[in-house]
Amino acid sequence: MSNTERTFIAIKPDGVQRGLASEDLVKQHYIDLKAMPFYGGLCSFMHSGPVVAMIWEGLNVVKNGRLMLGETNPADSKPGSIRGDFCITLGRNIIHGSDSLDSANKEIALWFKPEEIVEYKSCQHGFLYE
1 MSNTERTFIA IKPDGVQRGL ASEDLVKQHY IDLKAMPFYG GLCSFMHSGP VVAMIWEGLN
61 VVKNGRLMLG ETNPADSKPG SIRGDFCITL GRNIIHGSDS LDSANKEIAL WFKPEEIVEY
121 KSCQHGFLYE
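Residue numbers (our numbering): 1 to 130.
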């Protein structure tokens, strides 16, 4: 797909009940927050249960994915967004989405090996994109 981008999305432990993310992987993922007072609690929570990691691909998928997820703080999220409809507190906001294309590329490389990423063209492609 030309002119498309990829983003990283992860359903957090409070949103799903299968699989586990390693403690090291979680610490690497949130390394930019290491100096924050909530870092230890965040890493402990993210390692406490299952996480489903995904790659979404499409036009403006980083921006559109973030719109679907809602604001990081559920109280600021619009109704109809995942966080707006299903979350109450900032610390348990169900889902993560890359905030930029640069972050998405780093997070995809952290969570997936190149051979785990499948390239394909959906049969709906011609109906969705010009």
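It should be emphasised that the hints constitute simulated quantities derived from the structure, not laboratory data. Watch out, some of these pointers could steer you wrong.
Derived Cβ-Cβ restraints for the label pairs, each shown as a range [claimed, not checked]:
#1 Phe86 to Gly41: 17 to 25 Å
#2 Asn3 to Val118: 27 to 35 Å
#3 Phe112 to Leu42: 19 to 27 Å
#4 Phe127 to Gly41: 43 to 51 Å
#5 Asp32 to Asn60: 17 to 25 Å
Below are the DSS-like pairs computed for lysine-lysine, each with C-alpha atoms no more than 25 Å apart in a straight line [as the list claims (entries may be wrong)]:
#6 Lys63 to Lys78
#7 Lys12 to Lys63
#8 Lys106 to Lys121
#9 Lys121 to Lys27
#10 Lys27 to Lys12
#11 Lys121 to Lys34
#12 Lys78 to Lys27
#13 Lys113 to Lys27
#14 Lys106 to Lys63
#15 Lys34 to Lys78
#16 Lys27 to Lys106
#17 Lys63 to Lys121
#18 Lys34 to Lys12
Source: prediction; values computed, not measured. By construction, the Cβ of each residue, glycine as well, lies at the ideal position given by its N, Cα and C atoms.
Cross-check of the supplied hints:
no. : hint                        : result
1   : Phe86 to Gly41: 17 to 25 Å  : holds (21 Å)
2   : Asn3 to Val118: 27 to 35 Å  : violated (20 Å)
3   : Phe112 to Leu42: 19 to 27 Å : holds (21 Å)
4   : Phe127 to Gly41: 43 to 51 Å : holds (45 Å)
5   : Asp32 to Asn60: 17 to 25 Å  : holds (23 Å)
6   : Lys63 to Lys78              : holds (15 Å)
7   : Lys12 to Lys63              : holds (20 Å)
8   : Lys106 to Lys121            : holds (23 Å)
9   : Lys121 to Lys27             : violated (34 Å)
10  : Lys27 to Lys12              : holds (14 Å)
11  : Lys121 to Lys34             : violated (39 Å)
12  : Lys78 to Lys27              : violated (30 Å)
13  : Lys113 to Lys27             : holds (18 Å)
14  : Lys106 to Lys63             : holds (17 Å)
15  : Lys34 to Lys78              : violated (29 Å)
16  : Lys27 to Lys106             : holds (14 Å)
17  : Lys63 to Lys121             : holds (21 Å)
18  : Lys34 to Lys12              : holds (19 Å)
Hint compliance for this structure: hints 2, 9, 11, 12, 15 are not met, and every other hint is.
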